[in-house]
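K.L.:
Protein chains in written order, with my numbering: chain A, 17 to 415; chain B, 17 to 415.
Mixed in with the good hints, there may be bad ones.
Any copy will do: because identical chains look the same in the list, a pair fits if it lies in one copy or spans two.
To be verified - Listed below are the simulated DSS-like cross-link pairs for lysine-lysine, each with C-alpha atoms no more than 25 Å apart in a straight line: (1) 351 x 139; (2) 224 x 302; (3) 40 x 302; (4) 302 x 408; (5) 387 x 133; (6) 387 x 28; (7) 351 x 31; (8) 387 x 75; (9) 82 x 408; (10) 139 x 387; (11) 183 x 82; (12) 351 x 133; (13) 351 x 267; (14) 75 x 408.
Just so you know, the hints here were simulated from the structure itself, not pulled from any lab data. A quick note: this is a predicted structure, and the numbers were derived from the prediction, not measured.
Number of protein chains: 2
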Amino acid sequence: MADVTGAVTFPKGFKAAGVRAGLKEQGLDMALIVSDVPAVAAGVFTTNVVKAAPVLLSKSRVPSDKVSAVIVNSGNANACTGEQGMADAVAMAEQTAQGLGISAEAVLVASTGIIGKRMPMDKITSGIADAVRSLSADGGADAARAIMTTDTVPKEAVAEIVIGDIKVRIGGIAKGAGMICPNVATMLTFITTDAAITPDALQGCLAKSAEVSFNCLTVDGDTSTNDSVIMLANGLAGNDPIAIGSEHVAKFQEGLDGVTTSLAQQIAADGEGATKNVTITVDGAKTYDECRQIAKTIANSPLVKTAMFGCDPNWGRILAAAGRAGVDFDPAAVKLSMGDITLVLAGEPIAFSEDEAHEYLTNRDILIRLKVGDGGSSSTVWTCDFSYDYVKINAEYHT
Amino acid sequence: MADVTGAVTFPKGFKAAGVRAGLKEQGLDMALIVSDVPAVAAGVFTTNVVKAAPVLLSKSRVPSDKVSAVIVNSGNANACTGEQGMADAVAMAEQTAQGLGISAEAVLVASTGIIGKRMPMDKITSGIADAVRSLSADGGADAARAIMTTDTVPKEAVAEIVIGDIKVRIGGIAKGAGMICPNVATMLTFITTDAAITPDALQGCLAKSAEVSFNCLTVDGDTSTNDSVIMLANGLAGNDPIAIGSEHVAKFQEGLDGVTTSLAQQIAADGEGATKNVTITVDGAKTYDECRQIAKTIANSPLVKTAMFGCDPNWGRILAAAGRAGVDFDPAAVKLSMGDITLVLAGEPIAFSEDEAHEYLTNRDILIRLKVGDGGSSSTVWTCDFSYDYVKINAEYHT
């Protein structure tokens with residue numbers, strides 16, 4: 017899945033565009049993704065109590081079997097903008113629908129950027145017109161660029177699976193660098209597929225997939241007002257429709273998980289100020305949720321993250337973070353390793369070469385593995401370290 | 017309560033000492049606090065699953081009415097040290113008891129410092145002997161210095177209250193800079209009083225007091241393996257003993273709350289790399305716990321903390337943190353102010369002078385107030401900002 021470009025136009029029957037509307041200081045800032053035929057749509061949205069207007073709008077329109085387009089802007093999150101914000105989100109859908117000659121309910125909307133500022137609707141309006149004109153089967157890569165904010169690279173991933181004898185394609189793009197960037201909210205993901213699948217099955221697969229990918233990702237523990245994962249399935253591959261309980265669900269799920277997991281890892285690797293990709297696996301608690309809770313507590317600990325930045329094999333901070341995760345375990349049963357180096361066995365530090373451990377931590381990719389007992393569960397989360405640049409990026413930004 | 021020194025020897029009948037045993041690179045590193053008569057003792061200890069040996073030992077000895085001494089060392093946490101660690105903690109109590117001519121069960125033990133290293137018992141043994149020799153009614157200030165690790169200043173607070181016609185004194189010392197400093201664990205607090213009070217009443221008051229002080233304090237969200245709050249009450253003031261349900265409990269609680277709140281604020285102000293003291297009050301959720309949960313989520317948000325460091329009135333980050341605290345509230349009812357400046361009303365930003373807000377945030381003491389509804393509850397937490405120095409202190413330390 018490396019070196020993909022144009023992921024959302026990889027499945028049959030999708031066009032996309034990325035254009036500059038002038039919302040950001042520079043670069044593309046509006047994306048449009050369109051299916052040639054009405055598509056099944058599903059979505060997973062932020063759990064934050066404070067939800068942006070486009071999130072409320074799009075959430076109300078999925079699951080569905082009549083969605084044809086997603087209009088997205090970066091540069092303004094349209095969050096904490098009250099009734100005006102909702103009117104603006106509705107207008108974005110209407111203008112897009114008008115340009116495409118479809119109904120307004122067939123359009124989903126997503127925004128990312130500054131919170132609490134009214135959308136500059138004049139720029140949005142001309143941006144939408146431009147995006148409609150620019151739609152192309154080669155537009156996927158531009159769309160991936162147009163949704164970026166503090167991201168340093170676009171994130172794309174694709175998968176090809178076989179359902180029956182039919183080749184089915186899945187393609188996804190994502191943006192997100194801090195969970196909330198400098199007032200520039202959000203993780204956004206858009207996924208297309210030419211699979212034929214029922215709305216309920218698509219919603220179920222997408223929710224499951226988000227659980228093992230985006231929900232295993234943490235840069236700084238913040239969840240934004242705009243986080244959205246939106247997926248369209250247009251059925252043009254021609255496979256027998258996948259329904260809940262049908263034999264092909266598992267294969268589709270696997271393909272989708274591959275795309276979302278790749279995107280989540282790309283986001284973690286592009287974390288604000290990140291110098292390292294840190295993968296944390298916790299084994300042996302009683303349930304998957306318990307393992308993930310411990311892994312996330314370690315991943316979010318500023319003390320662990322600064323130790324990673326400093327290439328310090330500071331196992332004490334990892335154990336202390338695990339211990340406060342709210343999960344009961346026997347500290348005397350704990351095993352901790354970094355890469356192939358075991359640091360803690362039966363709850364106590366063992367003799368290890370500090371030079372070798374330090375040397376290991378100078379790598380870009382770091383694996384931390386913590387076993388907390390004999391439970392059969394396991395969970396892996398992805399994060400990054402905490403550097404001077406994280407503070408710099410987030411302190412020097414001014415509202 | 018400003019400019020207090022010798023707080024733990026302020027109540028009648030307490031002696032203390034702070035000596036150098038050579039556990040840290042420099043400075044005093046062992047403290048001893050002794051009551052002239054057996055005292056009532058209470059304790060509140062870390063909720064971390066991973067607990068240091070001295071925590072397990074002291075926790076098993078309170079509440080009690082037969083404790084005479086607390087022996088404390090900095091420089092080594094005696095955590096993740098297995099059976100040997102417990103034997104060493106027991107030996108510390110025994111050696112102290114022998115020096116004082118009391119029973120070993122009358123001694124509590126606390127440690128803070130490096131995790132996972134065996135206690136250097138030869139140094140500890142001579143340190144204990146030295147501390148016993150140095151005990152004095154003026155030793156409180158030395159004890160406050162001897163428990164410091166990355167703290168830049170000692171923390172002390174006292175209160176004087178009247179129970180019946182009798183003056184009663186309370187004095188406390190604390191250490192803590194990060195919740196876990198660079199492998200140097202912990203918040204430790206030791207409080208003495210000459211009040212006469214039953215063990216159950218003292219344990220109850222101390223637990224309540226910790227709830228509104230230390231549990232409202234967060235530097236980086238980490239809870240250490242060694243956190244301990246230990247209190248001795250020797251009754252030498254001569255008041256009628258305070259029991260659960262007696263009329264004087266409330267007055268004693270108030271005095272104690274004053275001491276613990278002052279210590280908690282001193283700890284927050286001395287947070288690693290802190291350039292600002294940030295006080296966050298959340299009003300209007302349904303319960304105190306809900307208010308505190310929102311306040312703590314804001315206080316622990318790296319994005320909010322870096323914004324404070326950058327003097328950026330970034331209300332969007334504060335609202336977004338509040339929204340993910342796991343507490344339900346109506347975003348359209350939210351009011352947010354910094355000092356006297358209102359930034360958000362009815363969920364939307366209002367016109368405010370950004371220069372004035374920025375100017376306000378250049379102060380050392382910052383007040384943030386968030387109203388989330390019409391519930392009658394309120395909670396205040398104390399934290400600090402997140403600076404380059406936090407990363408520096410925590411990344412450059414090497415295990």
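K.L.:
Next, verify each hint and record whether it holds.
P.N.:
Hint-by-hint comparison with the structure:
1. With identical chains, the CA atoms of residue 351 and residue 139 are never at most 25 Å apart, being 56 Å at best within one copy and 31 Å at best between copies.
2. Within a single copy, residue 224 and residue 302 get their C-alpha atoms as close as 20 Å, which meets the 25 Å cut-off; across copies the closest is 33 Å, which misses it.
3. Neither within a single protomer nor between protomers do residue 40 and residue 302 lie at most 25 Å apart by alpha-carbon distance, with minima of 47 Å and 40 Å respectively.
4. In the homo-oligomer, the alpha carbons of residue 302 and residue 408 never lie at most 25 Å apart, since the shortest distance is 40 Å inside one protomer and 37 Å across protomers.
5. When the C-alpha separation of residue 387 and residue 133 is checked against a cutoff of 25 Å, the pair qualifies only between copies, where the shortest distance is 21 Å, while the shortest distance within a copy is 47 Å.
6. In this homomeric assembly, residue 387 and residue 28 never come within 25 Å of each other (Cα to Cα): the closest approach is 44 Å inside a single copy and 50 Å across copies.
7. Proximity of residue 351 and residue 31 under a CA criterion of 25 Å is satisfied in neither setting, with 50 Å inside one chain copy and 43 Å between copies.
8. In this assembly of identical chains, the alpha carbons of residue 387 and residue 75 never lie at most 25 Å apart, being 38 Å within a copy and 27 Å across copies at closest.
9. When the C-alpha separation of residue 82 and residue 408 is checked against a cutoff of 25 Å, the pair qualifies neither within a copy, at 45 Å, nor between copies, at 53 Å.
10. Proximity of residue 139 to residue 387 under the C-alpha cut-off of 25 Å is found in neither arrangement, the shortest distances being 53 Å within a copy and 35 Å between copies.
11. Taking the shortest alpha-carbon separations for residue 183 and residue 82, only the intra-copy value of 23 Å comes in at or below 25 Å, while the best inter-copy value is 78 Å.
12. Taking the shortest Cα distances, residue 351 and residue 133 sit within 25 Å of each other only across copies (17 Å), while inside one copy they are farther apart (49 Å).
13. With identical chains, the CA atoms of residue 351 and residue 267 are never at most 25 Å apart, being 34 Å at best within one copy and 49 Å at best between copies.
14. In this assembly of identical chains, residue 75 and residue 408 lie within 25 Å of each other by CA distance neither inside one copy nor across copies; the values are 35 Å within and 43 Å between.
Of the numbered hints stated above, those contradicted by the structure are hints 1, 3, 4, 6, 7, 8, 9, 10, 13 and 14, listed in ascending order.
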